[in-house]
Structure formats: structure tokens, C-alpha cells
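A.B. asks: Sequence:
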Amino acid sequence: MGTNCLPFVLSELQCSDNKPVEWLMQLVRRARIVRIQYDPPWFRRDRARAALKAIGPILGKTRLLELMAHRSQSVREAAADALAQLPVPEGQEALLDCLGSTDARVRAAATVGLRSGGYFPHRAIELLAQALADADAGVRIAAADSLVDYCRVYAGSVPAAALSNLVRSLEDPDPGVRRCSATALGLTKAQDAWVIAALTAATNDPDPQVRDSARAALINTSPDMSPRTTEMRQP
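Every letter in the sequence shown is one number past the one before it in my numbering, and letter 47, counting from 1, is 47.
Some clues are possibly wrong.
Label pairs and their calculated CB-CB ranges [unchecked claim]:
#1 Asp-149 <-> Arg-44: 20 to 28 Å
#2 Pro-20 <-> Asp-212: 13 to 21 Å
#3 Ser-222 <-> Asn-18: 26 to 34 Å
#4 Trp-194 <-> Trp-42: 41 to 49 Å
#5 Asp-97 <-> Ala-197: 32 to 40 Å
Mimicking DMTMM-like on lysine to aspartate or glutamate, the simulated pairs with C-alpha atoms at most 20 Å apart in a straight line are [claimed, not checked]:
#6 Lys-189 <-> Glu-126
#7 Lys-61 <-> Glu-93
#8 Lys-61 <-> Asp-97
#9 Lys-189 <-> Asp-149
#10 Lys-61 <-> Asp-39
#11 Lys-189 <-> Asp-136
#12 Lys-189 <-> Asp-207
#13 Lys-189 <-> Asp-145
#14 Lys-19 <-> Asp-39
#15 Lys-53 <-> Glu-90
#16 Lys-61 <-> Glu-90
#17 Lys-61 <-> Asp-103
#18 Lys-189 <-> Asp-212
Hints listed in this document are in silico derivations from the structure and should not be mistaken for laboratory results.
For every residue, glycine included, the Cβ atom is placed at its ideal position computed from N, Cα and C.
Input sequences plus hints: build the corresponding full structure.
C.D. replies: In C-alpha cells form, the structure reads like this:
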């Protein structure tokens with residue numbers, strides 16, 4: 001089918017959840033009156049996302065970049081995944097360029113795509129770390145989440161500038177950003193005193209998940225910190 005299936009794939013990606021229909025289908029199935037094939041919207045979106053990744057090389061970089069600006073978040077993220085599947089480094093380089101887009105939706109999708117494909121360009125770390133200061137909360141959350149994967153891959157060689165941005169993000173207004181930043185810092189294996197101090201302070205964060213992530217990060221950074229972090233536990 002090639003590109004001829006694209007309209008259908010895009011339609012499936014935008015398929016929305018329909019609670020009344022799902023409730024009705026559950027009633028029908030329990031009654032065993034008839035056998036009806038019904039695929040929940042989330043399942044259809046997942047299949048469509050896989051389909052777009054499969055036809056991505058046929059569509060080409062230009063068309064996928066156009067889809068990165070689509071009104072639907074599902075389409076944007078699927079296009080980012082498809083870009084990541086292009087030959088190395090073409091797709092990932094395109095995603096890195098998208099981090100500089102004036103459209104926050106494109107920037108957020110690009111950060112999601114950078115986790116796909118199994119290729120983690122080293123220069124992406126600093127660009128993702130810069131995205132932690134983005135004005136859009138969605139971009140910051142996506143960047144922090146992606147940095148967890150990048151710091152795992154590049155443990156011990158994360159640039160100081162990226163470490164600095166991650167430390168600053170421990171005070172982000174969004175707890176999701178703070179939690180991911182703490183986890184990422186633990187994965188960097190950084191032994192710098194200022195990093196340890198920032199993570200130690202984060203163990204007193206008002207959000208319990210952030211506190212737990214900070215404690216785990218301290219243990220991950222230096223196993224001998226374990227007794228110390230145990231003492232930090234709040235009653």
C-alpha cells in the first residue's frame with residue numbers, strides 16, 4: 001500500500017476514546033448475544049503509530065517533518081518516532097533541529113522522538129538540557145523524561161552544562177520535571193559536591209515522588225550514601 005494508507009493511518013492516530021461505546025460493548029460481551037469485533041481507540045492508535053513508523057522511510061524526512069506540526073499530539077509523536085527510525089544519523093539530526101522550532105508542540109514531540117530508534121547522539125544531551133528551561137511545561141517534562149534515557153547511556157560523561165541545568169530543574173514548578181531531573185542526575189554517576197548537595201536538598205521536596213527519586217539518585221550516585229539517605233526519610 002505504501003503512502004496510500006497514510007490518510008487511514010492519520011485517522012486512526014486521532015481516534016478518540018469513547019467511554020459510552022466501551023461501556024456498551026462490555027454489556028454486549030457479557031450478555032453474549034452476538035460476537036462483535038471491537039478494538040479500543042488506544043489499541044487502534046498504537047497500531048497506527050507502528051504503521052507510520054513502518055512507512056516512514058517511504059514518506060521521507062520532508063513529509064514526516066510536516067506531520068511534526070500536525071494538530072494532533074498522537075500524530076506529532078508518531079511522526080517523531082518515524083523520524084527516529086530513518087537511517088542514522090539523518091532522523092535524529094532532524095529531531096535535534098526540531099528542538100529549535102518556534103512551535104512548542106514540535107519541540108515536545110522532538111524530545112519524545114529522541115528516545116526512539118536506539119541511537120543516542122551525544123550532542124543531544126546539552127540540547128535536551130537546554131530544553132529544561134523551556135517556557136512550555138510540556139516541553140520541559142518531555143525533555144526531563146528523555147534525559148533519563150540519555151544519562152543512563154552516557155553515565156560518567158554528561159557535560160557539566162547539562163548537569164547544571166538538571167540541578168536547576170530540581171526547583172522546577174512541575175513535580176514531574178523535578179522527579180525526572182533527580183532520576184537523571186542519579187544516572188549520570190556525577191560525584192560533584194554541588195550535585196550531591198542539590199539531590200540532598202531535594203529529599204525534602206514537598207512532593208513524595210520527588211523525595212523518593214532524590215533518595216534513589218543519591219544511592220545510585222554513590223552506594224555508600226545509603227545509610228545517610230535512610231536517615232533522611234521523613235516520618
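A.B. asks: Hints first: check each against the structure and report whether it holds.
C.D. replies: Hint by hint, here is what the structure shows:
1. Asp-149 <-> Arg-44: 20 to 28 Å: holds, 27 Å
2. Pro-20 <-> Asp-212: 13 to 21 Å: Cβ of Pro-20 to Cβ of Asp-212: about 38 Å, so the range 13 to 21 Å is violated.
3. Ser-222 <-> Asn-18: 26 to 34 Å: violated, 50 Å
4. Trp-194 <-> Trp-42: 41 to 49 Å: Roughly 43 Å apart at Cβ, these two residues keep to the hinted range, so it holds.
5. Asp-97 <-> Ala-197: 32 to 40 Å: This hint holds: roughly 36 Å between Cβ atoms.
6. Lys-189 <-> Glu-126: holds, 17 Å
7. Lys-61 <-> Glu-93: holds, 11 Å
8. Lys-61 <-> Asp-97: holds, 12 Å
9. Lys-189 <-> Asp-149: This hinted pair holds, its Cα atoms lying about 13 Å apart.
10. Lys-61 <-> Asp-39: violated, 31 Å
11. Lys-189 <-> Asp-136: Violated, at roughly 28 Å.
12. Lys-189 <-> Asp-207: At roughly 23 Å apart (the allowed maximum being 20 Å), Asp-207 and Lys-189 break the hint.
13. Lys-189 <-> Asp-145: Given that 20 Å is the threshold and the Cα spacing comes to 17 Å, the pair holds.
14. Lys-19 <-> Asp-39: Given pair Lys-19, Asp-39 holds - Cα atoms ~13 Å apart, limit 20 Å.
15. Lys-53 <-> Glu-90: holds, 15 Å
16. Lys-61 <-> Glu-90: Holds, at about 8 Å.
17. Lys-61 <-> Asp-103: holds, 18 Å
18. Lys-189 <-> Asp-212: holds, 17 Å
Figure legend: structure checked against the earlier numbered hints; hints not met, in rising order: 2, 3, 10, 11, 12.
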